[in-house]
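Asker: Residue-level listing of the chains:
2 protein chains.
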Amino acid sequence: MPNHARENWKRTPAPVLRHGSIWYQLLFMTGAQHLHIDQDRLLEDLRTLAGFGKLTTGVARVAYSDADTEARAWLRERMRQAGLETAVDGVGNVFGRTPGGRRAIVIGSHTDSVPVGGWLDGALGVVYGLEIARSVMERGLQDWIAVEAVSFMDEEGTYLPCVGSLSFCGEISADGIAAGHSLDGEPLGDAIARCGYADNRPVHADPGRHLAYLEAHIEQGPRLEAAGLAIGVVTGIVGIRRFRIEVTGEADHAGTVPMAMRKDAGHAAVLCAAALYREMAEAAGDDSVWNIGSIRFEPGADNVVPARAVMVLEMRDLSADVLDRMESAMSACLAATADQTGRPCEATQTLDVAPTAMDPGLMRHLEESASASGIASMHMPSGAGHDAMIVARRLPAAMLFIPSIRGKSHSEAENTDDADILGGCQVLASAVERISAAAV
Amino acid sequence: MPNHARENWKRTPAPVLRHGSIWYQLLFMTGAQHLHIDQDRLLEDLRTLAGFGKLTTGVARVAYSDADTEARAWLRERMRQAGLETAVDGVGNVFGRTPGGRRAIVIGSHTDSVPVGGWLDGALGVVYGLEIARSVMERGLQDWIAVEAVSFMDEEGTYLPCVGSLSFCGEISADGIAAGHSLDGEPLGDAIARCGYADNRPVHADPGRHLAYLEAHIEQGPRLEAAGLAIGVVTGIVGIRRFRIEVTGEADHAGTVPMAMRKDAGHAAVLCAAALYREMAEAAGDDSVWNIGSIRFEPGADNVVPARAVMVLEMRDLSADVLDRMESAMSACLAATADQTGRPCEATQTLDVAPTAMDPGLMRHLEESASASGIASMHMPSGAGHDAMIVARRLPAAMLFIPSIRGKSHSEAENTDDADILGGCQVLASAVERISAAAV
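From first to last, the protein sequence lines are chains W and L.
According to numbering that gives the first Met the number 0, the first sequence is numbered sequentially starting from 0.
According to numbering that gives the first Met the number 0, the second sequence is numbered sequentially starting from 0.
No wet-lab data here; the hints were simulated from the structure.
The structure presented is a predicted model; accordingly, all values stated were derived computationally and were not measured.
Accuracy of the hints is not assured; some may be wrong.
Repeated chains share a single entry, so a pair holds when one copy, or any two copies, can fit it.
[What the hints assert, rightly or not] 20 Å max Cα-Cα, derived SDA-like pairs, lysine to any residue:
hint, residue 1, residue 2
1, Lys262, Glu278
2, Lys407, Arg307
3, Lys262, Ala273
4, Lys407, Ser172
When you get a sec, could you build the whole thing from the sequences and use the hints?
Answerer: Given below as structure tokens:
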């Protein structure tokens, strides 16, 4: 791998064509559409990107893999070809910025995938950023519309979830890097060095240089499809609280110990889980979700009364108040089960992610852009985490969702109709013009 | 290992002392106690046996291990020293029989253990057999009381559960042997050859040579201790039906898919399990037990809605009718859950052991012997399987339980008060006299 340190922020010459300011300001005011999305090029770039780590219909392109590194090199080259100023930073984030002094709208997502992933998760938002920046350059609008396309590193957490956007926000220390490692045990620092990023300069979010962050993403859920809509304007990224619930009993021979003399942790855990499913529904808001994703009895033998049961409950909502209510309901279920069964039930929190609201002004621009394009949209929370959750701490941020066919994601089955892919990019481009015009 | 084939059934000289028949018959009729249990010798033999594969307070003496083979060689030597005719058969069962032509009462159990087991499970019944046969020899009663002490092979199923008693009953074929193997993958046939048993002749249960089978065992449960009683007369060995219950759903992202759109196999499985705990109690008899020993969700990730849930339910009772009722209740729970949740719930039977009744005449002898010894007893089912379950298919069989401290077994914590160990042997010896007298 070459050392990219010295070629950081290679500058391309400023474009020759420059348009007069008054003309453009007037057109921005009227909401007229200027950025032209090249539909064939957009789909072709998405398909080329899907070739790196290609599976049958999906991708295996985990962060810092050869496929990921090659995809990032390809992306940087596509950015260069478009006349963007490019950089790769010290964790492997790839940036491509329209030249000029305006504060840029950062547009992107990630190009790494889960071990067996789909072709659009992350890739969509990155290629949208590339295409919109390219469109700015082609129209010679870079003095009016500044765009910085980005692919953040390891959103999927092969080494450290969202390490790219955390680094962009200046929220990762050397100790933080040192703590990351793959399932195979490779330290994150070694992976960064192996891929040639170690000596690159960091690139940080800077409100003096960056106006906003826009991330387009496939929904990864079934709501848009079910509603028959092509655009979701994300209201916020849900907070997540995750708890390990442990119920303690005593192992006994399941043949020789009468029912009344047992201290069955499994029975208590099932009663507790049944109560949780019931009471969480009472405490939840309309958009809340919760899940018991795993449960196990120990020792787990057919003929042994369970000595211990462990399950994991997580709850997600946009509102911390609603999460508080759900957490209280959980605690009440545990206490009631312990009372009823005599088995201690304890919850330990293992994850606490605060909800992240999206910027209302940016949301309005997305909604109006969809509407102006004749595309009906809906407000919806993002139930999954995204880089926007991190970047929103430094810059005004918003997200646009397009439908996932049958809601599938994180699998080779992940897909979206071409028309929805193209429509989403058009709406985002339109929003970029509106946001730029509003910021003039 | 020596080849025991040619020394099968080494005969010892007949004892010199012989008593007249009328005198003994009269004493049998009055229920007088003649067999004298040597308390110190009984405890010392149990402790010596516990030295083979000794753990801190338990034993690791799985079938066909060095410790098991050495324990069986020691047992055979103790039988020889007592003047018994000994044999080791083609699977490693060890027999020691009082000389003479009468039909013998077979008394025994097994000397193999679970991987980390207690010192009394199996060993107790074998040493009782040795001690009672030895007492017969010492009193020169072998023309009136014939005893055949036995240690069956691999009751615990390291290679094949109850292979010893199955072989004794002529219920194991070469194919059956070929199917047995250890967790390490050693075929049972290789283990038999390795221990030098392969060329030994089989020894079979034969109503022409065998009068009955008596097996003493620790209870392995808490009922006698809870009742404050020292003797349990086993009414039968419970039947076991075991079912793998599988609930099918669909994996979804636990953040992005609204609750109402999920096909959550875990939720359905918890509702099903809660219903099972409730409805099995309704269908069960007083002595029925049931257990959900394991449950797991697949894929089992915190943030994925379970696509599948698998649990194992087993039910035990002495009555096939009660088991039928419990099985019907299970089926009703599955059908109701499938109706309620839309998730298919299927049960597959993985074990079906029919209940085994003990011989009422032998039970009465055990009960009267306890009573005559001033020891209060109770009737109780055996919730665990034993060699008696197999042997009862060929010979009238009965079992006597003595208490397990805190009900513990299959662990190093397994123990019984010395007084209960001695009392149990005395009651069994007394029963042997009564059964012999009744058969005169």
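Asker: For every hint, state whether the structure bears it out.
Answerer: For each hint, the structure was consulted:
In this homomeric assembly, lysine 262 and glutamate 278 come within 20 Å of each other (Cα to Cα) only across copies, at 19 Å, whereas the closest approach inside a single copy is 25 Å. For the identical chains of this complex, lysine 407 and arginine 307 are inter-copy neighbours only, at 17 Å across copies versus 35 Å inside a copy, given an alpha-carbon limit of 20 Å. Taking CA atoms no more than 20 Å apart as the test, lysine 262 paired with alanine 273 passes in both settings, with 19 Å inside one copy and 16 Å between copies. In this assembly of identical chains, the alpha carbons of lysine 407 and serine 172 never lie at most 20 Å apart, being 35 Å within a copy and 53 Å across copies at closest.
Comparing the model with each earlier hint shows a violation of hint 4 alone; every other hint is respected.
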